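Enquirer: Here are the chains, one letter per residue:
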Amino acid sequence: DVKVTQSSRYLVKRTGEKVFLECVQDMDHENMFWYRQDPGLGLRLIYFSYDVKMKEKGDIPEGYSVSREKKERFSLILESASTNQTSMYLCASSFGSGGSYEQYFGPGTRLTVT
Amino acid sequence: AQSVTQLDSQVPVFEEAPVELRCNYSSSVSVYLFWYVQYPNQGLQLLLKYLSGSTLVKGINGFEAEFNKSQTSFHLRKPSVHISDTAEYFCAVYNSGYSTLTFGKGTMLLVSP
Chain A
27 DVKVTQSSRY LVKRTGEKVF LECVQDMDHE NMFWYRQDPG LGLRLIYFSY
77 DVKMKEKGDI PEGYSVSREK KERFSLILES ASTNQTSMYL CASSFGSGGS
127 YEQYFGPGTR LTVT
Chain B
4 AQSVTQLDSQ VPVFEEAPVE LRCNYSSSVS VYLFWYVQYP NQGLQLLLKY
54 LSGSTLVKGI NGFEAEFNKS QTSFHLRKPS VHISDTAEYF CAVYNSGYST
104 LTFGKGTMLL VSP
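For the record, the sequence lines run as chains A and B. To convert a position in the first sequence, counted from 1, into my numbering, add 26. To convert a position in the second sequence, counted from 1, into my numbering, add 3.
If you are wondering where the hints come from, they were derived from the structure by calculation, not from laboratory data. None of the hints are false.
Under the rule of at most 20 Å between Cα atoms (straight-line distance), these lysine to any residue pairs were calculated in the SDA-like manner:
hint, chain 1, residue 1, chain 2, residue 2
1, B, LYS52, A, GLY68
2, B, LYS108, A, ASP85
3, B, LYS108, A, THR112
4, B, LYS52, A, ASP27
Here are the computed distance ranges between Cβ atoms for each label pair:
hint, chain 1, residue 1, chain 2, residue 2, range
5, A, MET53, B, LEU54, 15 to 21 Å
6, A, PHE46, B, PHE17, 42 to 48 Å
7, A, LYS39, B, THR58, 42 to 48 Å
8, B, SER29, A, SER91, 28 to 34 Å
9, A, PRO65, B, SER115, 17 to 23 Å
10, B, GLY65, A, TYR36, 31 to 37 Å
11, B, LEU10, A, LYS44, 39 to 45 Å
12, A, SER126, B, SER73, 24 to 30 Å
13, B, SER115, A, TYR36, 25 to 31 Å
14, B, GLN74, A, ARG40, 46 to 52 Å
15, B, SER73, A, ASP27, 35 to 41 Å
16, B, ASN44, A, THR140, 19 to 25 Å
17, B, LEU54, A, GLY42, 42 to 48 Å
18, B, ASN71, A, THR31, 33 to 39 Å
Keep in mind the model is a prediction, meaning the values are calculated, not measured. Cβ coordinates follow ideal geometry from the N, Cα and C atoms, glycine included.
Turn these sequences into a full structure, and let the hints steer you where they fit.
Expert: Dropping the structure here:
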């Protein structure tokens, strides 16, 4: 079974703090993704990565950065957390070209910024 | 990128009744479509996918979906729902060239006894 794990299920941070969300997958997937999920808005893509050291902006990258130093690990960084970044964050991974196109998701991290 | 519209934000239904959750996508030359389910406080789990071939796709937990190219739709159906089907359901379309998925805003299925 593909497993995508996220470092925390729940996280509470203060405004202005630097926040790290970690994601690890164990299926040697090339692609990794970070989404945020808000009620009524569905999933919105923040950043994604095709390979180590590579990153691409998604639909809502402002206020976020990412790091991919190892193939299995993809980190989302909130440089200076703000209350409007309170949300559910979901990590996903998938095979690269020639794969089955579907993404495998982690359990999510519910982040509250106070 | 392509777009996905889920017309219903909430669908209430009684246990053992049939249900249809609607999904429409923006047209493209080739389309890969997915339905995911999210149970409370969990990540998304793949229900089924359409890549090619038969337009009727069967998935897990008794769900099925029909790809209709002329109507650009990919509606999800189940002939008889259970309380345990209460969850949020997301339709998604694959963006070729980017290897990303575009998701609809989700439909909350509420099954009551």
